Amino acid sequence: MGRYALRRLLQMIPVFIGSTFLIFFMVYALGDPVAALFGDKAPDPATAARIRQDLYLDEPLWRQYVHYMGQVFSGHFGTAFNGQPVTELMASAFPVTLRLTVVAIVFEMALGITLGVLSGLRRGRGLDTSVLLLTLVVVAVPTFVSGTVLQYLFGVTWGWARPSVSPEAPLTELLLPGVVLGLVSLAYTTRLTRTSIVENARADYVRTAVAKGLPRHRIVTRHLLRNSLIPVVTFIGTDIGALMGGAIVTERIFNIHGVGYQLYQGILRQNSPTVVGFVTVLVIVFLLANLLVDLLYAVLDPRIRYA
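Going by full-length UniProt numbering, the residue at position 274 of the sequence shown is 274; the numbering climbs one at a time, nothing skipped.
Some hints could be false.
[Said to hold, decoys possible] With a cut-off of at most 20 Å between alpha-carbon atoms, the simulated SDA-like pairs for lysine to any residue come out as follows: (1) Lys212 <-> Ala201; (2) Lys212 <-> Arg202; (3) Lys212 <-> Asn200; (4) Lys212 <-> His223; (5) Lys212 <-> Arg222; (6) Lys212 <-> Asn227; (7) Lys212 <-> Thr195; (8) Lys212 <-> Phe235.
FYI, nobody ran anything at the bench for these hints, they're computed from the structure.
Note that the coordinates shown come from a computational prediction; the quantities given were computed from them, not determined experimentally.
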């Protein structure tokens with residue numbers, strides 16, 4: 001497995017370079033950061049030229065990218081237009097969004113897998129139909145609608161949670177936003193687990209285990225569930241990066257100053273260094289999450305071996 005992990009790490013290098021170049025190209029080539037910095041007022045040409053020189057924007061795009069990657073590998077992600085290093089913004093934003101993502105993932109895994117297993121084992125019954133209808137409704141309702149409704153009910157009407165998260169963003173205040181963030185993923189996890197359980201319940205190894213007289217709970221947990229979780233783990237692994245990058249709506253609803261908030265502000269103000277820096281880190285999160293998922297396959301299914 002060590003050789004496989006090393007090979008995967010080497011394969012991640014061209015993927016990282018290609019994806020970051022596309023991000024850098026789309027952000028810097030499709031707009032003028034200096035013009036966005038001055039807003040509606042036209043900057044003095046000499047001042048604009050000096051700013052472009054300071055920000056390395058007077059060089060060809062490929063040289064700008066090489067310069068940026070040199071900064072990234074030295075631990076520097078550039079400087080925002082307000083003069084604050086992007087790493088400082090990351091240091092304040094990523095811990096908040098990481099806690100929010102942990103809440104969403106735990107909620108998604110605990111409730112989604114449980115509902116999926118119960119629904120799959122009772123295929124065609126009332127519980128199965130109810131779970132399928134409920135998850136379909138959750139998928140159909142946009143996050144800004146479900147988030148606003150839950151914020152009003154739990155935060156304003158019943159007073160069970162804070163309608164707006166404080167700047168410190170403690171874990172207790174992130175429970176409701178985490179549920180909102182993980183609702184759609186919960187529905188997909190439930191339906192994916194249910195489908196996988198239904199398919200594997202008819203497999204030969206399950207019938208063999210039943211014929212051997214093994215207890216039902218052992219058949220479900222040791223045989224059926226472990227094999228059925230492989231596609232679910234794949235989805236959850238890729239969903240980690242998606243939740244961190246897609247928390248813009250949730251963080252806006254609950255006034256959370258995390259990654260989504262910083263990306264929204266960066267896009268709104270065309271603050272290119274902030275957007276590129278944060279998305280670069282999210283690319284790394286995606287790649288590492290996929291590597292972790294691949295390594296977990298061998299834990300869930302002993303038949304999988306890595307050369």
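* To do: Give me the numbers of the hints this structure contradicts, sorted from smallest to largest.
  => 7 and 8
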